[in-house]
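> Sequence:
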Amino acid sequence: MHMVASPNRKMQRVLQISMVLTAAYVVATFYFGLRAHSLALISEAGHNVSDLLAILLSFAAVYFQTRPATDQKTFGYQRAGVLAAFVNALTLILLAAWIGLSAIHRLYAPVTVHPKMMMFVAAAGVLMNGAIAGLLWKFSGDINIRSVFLHMLGDTLSTAAVIVGGAGILASGAMWIDPILSLLIAGMIVWSSVTIVRETLNILLEGTPSAVELAHVRTAISTVPGVLDVHDLHVWSLGSASHALASHVTIPEMPLSECSSILDAINCALRDRFHITHTTIQFEIIG
1 MHMVASPNRK MQRVLQISMV LTAAYVVATF YFGLRAHSLA LISEAGHNVS DLLAILLSFA
61 AVYFQTRPAT DQKTFGYQRA GVLAAFVNAL TLILLAAWIG LSAIHRLYAP VTVHPKMMMF
121 VAAAGVLMNG AIAGLLWKFS GDINIRSVFL HMLGDTLSTA AVIVGGAGIL ASGAMWIDPI
181 LSLLIAGMIV WSSVTIVRET LNILLEGTPS AVELAHVRTA ISTVPGVLDV HDLHVWSLGS
241 ASHALASHVT IPEMPLSECS SILDAINCAL RDRFHITHTT IQFEIIG
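Note that this note's numbering has the sequence shown beginning at 1, numbered continuously upward.
These aren't lab readings, by the way, just hints derived from the structure by calculation. Hints should not be assumed to be uniformly reliable.
[Said to hold, decoys possible] Ranges between beta-carbon positions, derived for each pair:
(1) LEU201 - TRP98: 30 to 36 Å
(2) ILE93 - PRO255: 22 to 28 Å
(3) THR91 - PRO255: 54 to 60 Å
(4) VAL164 - ALA97: 24 to 30 Å
(5) ALA97 - THR74: 37 to 43 Å
(6) ALA246 - LEU157: 22 to 28 Å
Computed from a predicted model, the values in this text were never measured in an experiment. From the three backbone atoms N, C-alpha and C, an ideal C-beta is built for every residue, glycine too.
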């Protein structure tokens with residue numbers, strides 16, 4: 001009897017294939033970038049490192065989200081991927097700064113590049129990134145996988161730009177095209193990395209999730225029949241797609257069975273409207 005692989009196992013398999021392909025392309029772009037004296041290709045290797053890190057983090061998230069909580073890790077390991085993303089994003093910003101400074105230096109001291117080799121390696125990258133994006137598309141309903149899919153799709157476009165740059169150098173002999181492309185790629189790395197830093201810092205500092213409006217949450221709880229007041233309301237993220245809530249809710253004095261029905265209604269509203277499933281609600285009774 002054949003066992004049907006779970007969605008998590010299928011996602012892990014696709015991410016493993018993506019990691020192997022991306023790692024091989026990082027090595028290839030760096031090696032041929034040195035051979036071709038192309039800073040754009042070396043920059044593309046750096047950009048693909050960000051792809052590799054994104055896939056690794058996604059893989060870790062899929063793996064860790066299946067691990068149960070323990071007495072020492074009562075929320076499980078959901079923050080591990082967030083912390084890694086924060087550190088990796090800071091590293092990528094430093095990498096982008098090095099690429100940018102190198103590109104500016106090359107504008108003043110041009111280096112002869114080999115455009116045909118640039119175009120050949122970049123064409124391989126377009127095919128590889130496109131193939132990975134196609135594999136990930138099947139699972140793009142998961143927000144974790146969707147972020148990696150969009151990352152790979154954007155990288156496919158930036159790699160295609162290297163082909164255009166190589167063609168421009170081949171046609172005109174203008175070596176300044178290579179460092180200009182490098183600056184554009186460095187800008188893309190900074191833009192995506194700053195976004196990750198902002199999002200992960202918000203999670204690590206237990207800020208309100210960007211997709212959640214606290215006023216709307218308060219209103220949703222307040223409109224449940226029997227609720228008189230909502231205060232000491234806190235919403236924070238356990239991981240990139242898992243949110244928790246704690247609040248004090250004032251209700252009139254009533255039988256315990258009616259209190260339970262109010263709690264059920266609050267949790268249903270939070271789950272259906274905000275995808276918040278981990279809640280701690282403390283009732284305060286007014287006699």
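> So, for every hint listed, does it hold in this structure?
Tested hints:
no.	hint	in the structure
1	LEU201 - TRP98: 30 to 36 Å	violated, 23 Å
2	ILE93 - PRO255: 22 to 28 Å	violated, 58 Å
3	THR91 - PRO255: 54 to 60 Å	holds, 58 Å
4	VAL164 - ALA97: 24 to 30 Å	holds, 25 Å
5	ALA97 - THR74: 37 to 43 Å	holds, 39 Å
6	ALA246 - LEU157: 22 to 28 Å	violated, 43 Å
Hints 1, 2 and 6, counting from the list given before, are not met by this structure.
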